[in-house]
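A.B. asks: Starting from the known structure of chain A, fit chain B onto it as the hints suggest.
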Amino acid sequence: MTAPNPVTIDPPVERSLGRRVASWLYSRPRTQLRLLLAWPLGWMTAAYFGSLLILLLGAFWTKDSLTGKVIPFSWSLDAFGNLFGAEVYRTVAFRTIGIAVLVTLTAALLAFPIAYYMARIASPRTRRLLVVAVVMPLWAAYLVKIFAWRTILQGNGVLEWVLSPFGFESSGLVELVNSWLVLTYLWLPYMILPVFAGLERIPNSLLEASADLGGRAGVTFRRVVLPLVFPALVAGSIFTFSLSLGDYIVPDLVSDTKFIGNIIYDNSTLGNVPLAAAYALLPIVVVIGYLLVARRLGAFESL
Amino acid sequence: MKTFRITALLAGIGLLAAACGTSVPSGALTELGDGEGELNLVIWVGYAERGEVDPGYDWVTPFEDETGCMVSTTNMNSSAEGVQLLRSGEYDGGSFSGNASVPLMLAGDVAPVNTDLLSNYANVFAGLKDKTHNSLDGVAYGVPHGRGPNVLMWNTEEVTPAPTSWDIIWEDAGDYAGKISIFGVSDFIADAALHLMVKNPDLGITNPYQLNQEQFDAAIALLEEQKSHGVIYWSDAFDQITTFASGDAVVGTSWQFQANTLAGGDPPEPIEATVPAEGSTGWSDTWMIAKNAAHPNCMYLWMNHMMSAEANGQATVWFGEAPTSQAACDYAEGLSPGHCEQTHATDEAYYDKIWYWATPRADCGDEDAATTCKDQDAWLAAWAALTGS
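First to last, the sequence lines map onto chains A and B.
So for the first sequence, our numbering puts the first residue at 1; every next one is plus one.
So for the second sequence, our numbering puts the first residue at 1001; every next one is plus one.
One chain only, chain A, in its complex shape:
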């Protein structure tokens, strides 16, 4: 409105560099934003994608058979040849993906009633207590929980003590079923929380409308609740599936079977880095595929 009086211009003062940069930036909000984001994004790119890239490059390198030393930039497809040539890597891949799917389904089945009760039936006080109860296991260290399960499952353990009166004997820490059990336990909260949030968002009026139109409980569940909560289930399954797919400590500690992660770990500690890197591509591809499907199903809006 009223421009400053041009007559009383201050004498030009020597401004510091910082001030000059600040005033230059002041009129350029987009540059400000870019500079602000450059640091975290640059760090993420260098530290995360950079290390991933080096890992993947390693898949195309060879190693000296006698000394076991990897020769950088010695391009070859040997690692992939070895990978496709051996039955075992397919077996392990199917086993891992199978268990990840199984864990996801089990977690969904277990999580749904709990989340439903928390979201729609429990009083606010009980709900708060239940949320704390669901989140509580996440406060304990992952390894501690696995070792707790070891004491349950191992010979002369809690499970055997409970079951022995009925004539059962513990199979010890060998069976694959142990991995399924422990992984389901570990990742259950990650399924409950999104489903709980998804159920909470369904307005009561929709359920009432369904009832008014003659929909019984089963129909309402199938045609109203499930479609509305499905994206939340998919969102939860991203966690349970990808966490199970990448786990290698649980199968090693409770079931003496190999998952994809164990093969990668074994080969990297034993020096066959090219094979480990080549095999690491598999879970990356699987998870990217899973995420693309999940996005189509609307899971990202429910996170």
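In short, the hints are calculated from the structure, not lab data.
Small disclaimer: the values here were computed from a predicted structure and weren't measured.
Ideal placement from N, C-alpha and C gives every residue a C-beta, glycine not left out.
Keep in mind that a hint or two might mislead.
Computed footprint of chain B on chain A, listed as stretches where at least three residues anywhere in the stretch have a Cβ under 8 Å from a Cβ of chain B [as the list claims (entries may be wrong)]:
{"hint": "1", "segment": "61-72"}
{"hint": "2", "segment": "82-94"}
{"hint": "3", "segment": "151-162"}
{"hint": "4", "segment": "253-263"}
{"hint": "5", "segment": "268-281"}
C.D. replies: Structure of chain B alone, referenced to chain A:
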């Protein structure tokens, strides 16, 4: 200025002497200085005790007090893992068996050792020096730590009569199905080959680490047969101790260390171990210094320390392996009477039956160009296929 020139001259003469002297290999330390205050080691479990399990066994604290080199250690679960750990560049050295020491020497990851700087080296049994697993072209790349066999371990309450043969984990594996504990690394293929050497001489196995296709296939078939009886593979020594303590395993292949820990535990477990008549695989370990060790003086001090009567006596009794010198034997006598007789410290004939861990090589490790063998990669791949499926 004049003093400087004289010093330079003396240093030059010193360098010349070092270069010409037959005893100092190139690349080795020529002069021992003060410790750098820190030492990072890759070790086999139980090779650096500081009295935390049993106050009577502590050879790290006296070393730290004397030299000021603070020791930190990382356990390896297998030789191949030890090689990778050393190559990470974060360690000054470690204790390596033959299947790690040879690849490390050949790849140049470890430096030659100037044994003149190690006052205790003279005491070491001559039979342990200048071997293929600790020297290259007559140049020492490390100092001996101890040697011993892989043992057959069993629970005396569950397994009767006491086994005297490896058959119990092979042909008779069905007797203790699901309760057999097996060393879970590819080196174990050699144990199968050793068994075939005795049971199936027609295969013509002369060295369990150098196997041609037919011999290798037979060994893998034997391992698959064994696996079908339900075996528990172990790679971490404490993991195996837990399995035996809980009763999940009652018989298996082990090291004397686990047997000692279980039998000497609280409460003591009914565990015994033996070397069956057929002989066994085993190890002869070497302390080696990394080529680019950050704390070379501390590493030399440690190597010398580990050849002293006190440290070597304690360490070898603790692990259950043979000491490397008469002085260590005499010291060990006070800790465990008869230790050197039991571990056959000087009995070379006994160790002829023990096949030290070695690296499988495509050229079979011999001069004969006509023979080809399965190399380390083939062993690792076969092992992954065996245990993964």
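A.B. asks: For every hint, state whether the structure bears it out.
C.D. replies: Taking the hints in turn, this is what the structure says about them:
no.: 1; hint: 61-72; result: holds (count 7)
no.: 2; hint: 82-94; result: holds (count 7)
no.: 3; hint: 151-162; result: holds (count 4)
no.: 4; hint: 253-263; result: holds (count 4)
no.: 5; hint: 268-281; result: holds (count 5)
Comparing the model with each numbered hint stated earlier shows that all of them hold.
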